[in-house]
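So you can see what is in the structure, the chains are spelled out below.
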Amino acid sequence: MGAPPHGHDHDHDHQVVPSDPALRVKALESLLTEKGLVDPKALDALIDKYEREVGPRNGARVVARAWVDSSYKRRLMQDATSAIAELGYGGAQGEHMVVVENTPEVHNLIVCTLCSCYPWSVLGLPPVWYKSSPYRSRAVIDPRGVLREFGLELADETEIRVWDSTAEIRYLVLPERPAGSEGLDETELAELVTRDAMIGVAKVAAPSMGASA
Amino acid sequence: MNGVHDMGGMHGLGPVQYERNEPVFHAPWEGKTLALVLAAAAWRKWSLDAFRYQIELIPAAEYLRMSYYEKWLTAVTERLVQSGLVTRAEVESGEPAAGSRKATPPLTAAQVPAMLRSGVLATRDTVLAPRFQTGQPVRTRNINPTGHTRLPRYARDKQGTVDRDHGVYVFPDTIAHSLGENPQHVYSVRFTARQLWGEQASPRDAVYIDLWDDYLEPA
Chain A
18 MGAPPHGHDH
28 DHDHQVVPSD
38 PALRVKALES
48 LLTEKGLVDP
58 KALDALIDKY
68 EREVGPRNGA
78 RVVARAWVDS
88 SYKRRLMQDA
98 TSAIAELGYG
108 GAQGEHMVVV
118 ENTPEVHNLI
128 VCTLCSCYPW
138 SVLGLPPVWY
148 KSSPYRSRAV
158 IDPRGVLREF
168 GLELADETEI
178 RVWDSTAEIR
188 YLVLPERPAG
198 SEGLDETELA
208 ELVTRDAMIG
218 VAKVAAPSMG
228 ASA
Chain B
24 MNGVHDMGGM
34 HGLGPVQYER
44 NEPVFHAPWE
54 GKTLALVLAA
64 AAWRKWSLDA
74 FRYQIELIPA
84 AEYLRMSYYE
94 KWLTAVTERL
104 VQSGLVTRAE
114 VESGEPAAGS
124 RKATPPLTAA
134 QVPAMLRSGV
144 LATRDTVLAP
154 RFQTGQPVRT
164 RNINPTGHTR
174 LPRYARDKQG
184 TVDRDHGVYV
194 FPDTIAHSLG
204 ENPQHVYSVR
214 FTARQLWGEQ
224 ASPRDAVYID
234 LWDDYLEPA
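Heads up: the sequence lines are chains A and B, in that order. Under the working numbering, the first residue of the first sequence carries the number 18, and numbering increases by one thereafter. Under the working numbering, the first residue of the second sequence carries the number 24, and numbering increases by one thereafter.
Take these hints with a grain of salt, some might be off.
To be verified - Keeping only pairs whose Cα atoms sit at most 20 Å apart, straight-line, the calculated SDA-like set for lysine to any residue is: (1) A/Lys43 to B/Thr97; (2) A/Lys66 to A/Glu46; (3) A/Lys66 to B/Thr131; (4) A/Lys52 to B/Ala121; (5) A/Lys58 to B/Pro136; (6) A/Lys58 to B/Val104; (7) A/Lys66 to B/Ala64; (8) A/Lys52 to B/Pro136; (9) A/Lys43 to B/Val104; (10) A/Lys52 to B/Val114.
What the hints assert, rightly or not - Coverage of chain B stretches by chain A, computed from C-beta distances (three or more under 8 Å per stretch; other residues unrestricted): (11) 47–60; (12) 111–125.
Stated by the list, open to error - Residues from chain B that face chain A, not an exhaustive set, calculated with beta carbons under 8 Å: (13) Gln40; (14) Tyr41; (15) Glu42; (16) Asn44; (17) Ile78; (18) Thr100; (19) Leu108; (20) Leu130; (21) Thr131; (22) Leu144; (23) Ala145; (24) Phe155; (25) His189; (26) Val209; (27) Arg227.
Calculated directly from the structure, the hints in this document are not laboratory data. Just so it is clear, CB atoms sit at the ideal spot from N, CA and C, and this is done for glycine as well.
From just these sequences and the hints, can you work out the full model?
Structure below.
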């Protein structure tokens, strides 16, 4: 990704369409704005929403609630879209949600082999590796190898369920609550929950005692 | 289409490159591209599946070379031209054609929160009897359409078991080509890793794939 090592080479300045995506976007934005096809303030509002508001902290709150409230967890497993909406999350790329639960016997992993489908409403926009060819190609055929690259070695007896998001249903993994978290409240629990654990490429680590807050 | 985008099960694409503390966008133009794609979609000139198909049409070598948002930028530019919202000459010059009328954007900043909150429902209330029941063995069809499809190659002509019925959804294979919504049931179908990959695969593991009625036959 990013500019080639000799990015300041101007040999190719005279192509009709500039190859630098930053220039292409700038030209397209200016064209669409001048034609009245997009409102530049709406563009800013969209960017702001995903940079500052919609992200994995949403999903972490859902997970923490499920860990402390068994009736919430039951609703979440039966109708994830409604249960997640109880916490105020939903809409774009979270219209149809399913939550899959990790247990000592079953580990779940989410992928989209065909493009980049991802539950935006609870996890925000997907990281580059999730959208990358290596992850998309291998998660379905070699999930154990992929998880090993993430530092997660699962026992042979553990069943791995890989969910390929081929339709408009978006998946969220409910990770196992870590040992040693018994004394934590819902807010503290949510802080333990990582994006990677909710995709299924990591487990939630036990709270570190005495570490800096 | 049997494009390089349909990469489930491929080897040779390298190790997963993980970035710690990854920013939401790596450069301002990435955020701008996302915003342009969402704001342009508010014209409702194309479906999400048509946009996906446009990405699939990027030539294979380019597809593998481009970053994610470069693919989005290429696809949205193409959709804008094909829908008639802009001309290719305008894209190339970066300026509106002389005498073109100024439109009113369908999405304002004030409407952004509501637009994201409602999303776009792919479900339909159409009452349709499901062709398959939970627990029923099914076989995926052996189809190789040149258009858009969400039946991955690695899961064609394979036997699995219906795990759950998600309800009725619009059908990507037709909606991407403006051939109608063709609503039908979508099922989560469980395939054991060995059904998909043979004896080398773990006897424990499984892949669940969301599949439309038209992709399935009774096993």
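Discussion item. Flag every earlier hint the structure violates by its number, smallest first.
Written reply: Hint check: 6, 8, 16, 24 fail, others pass.
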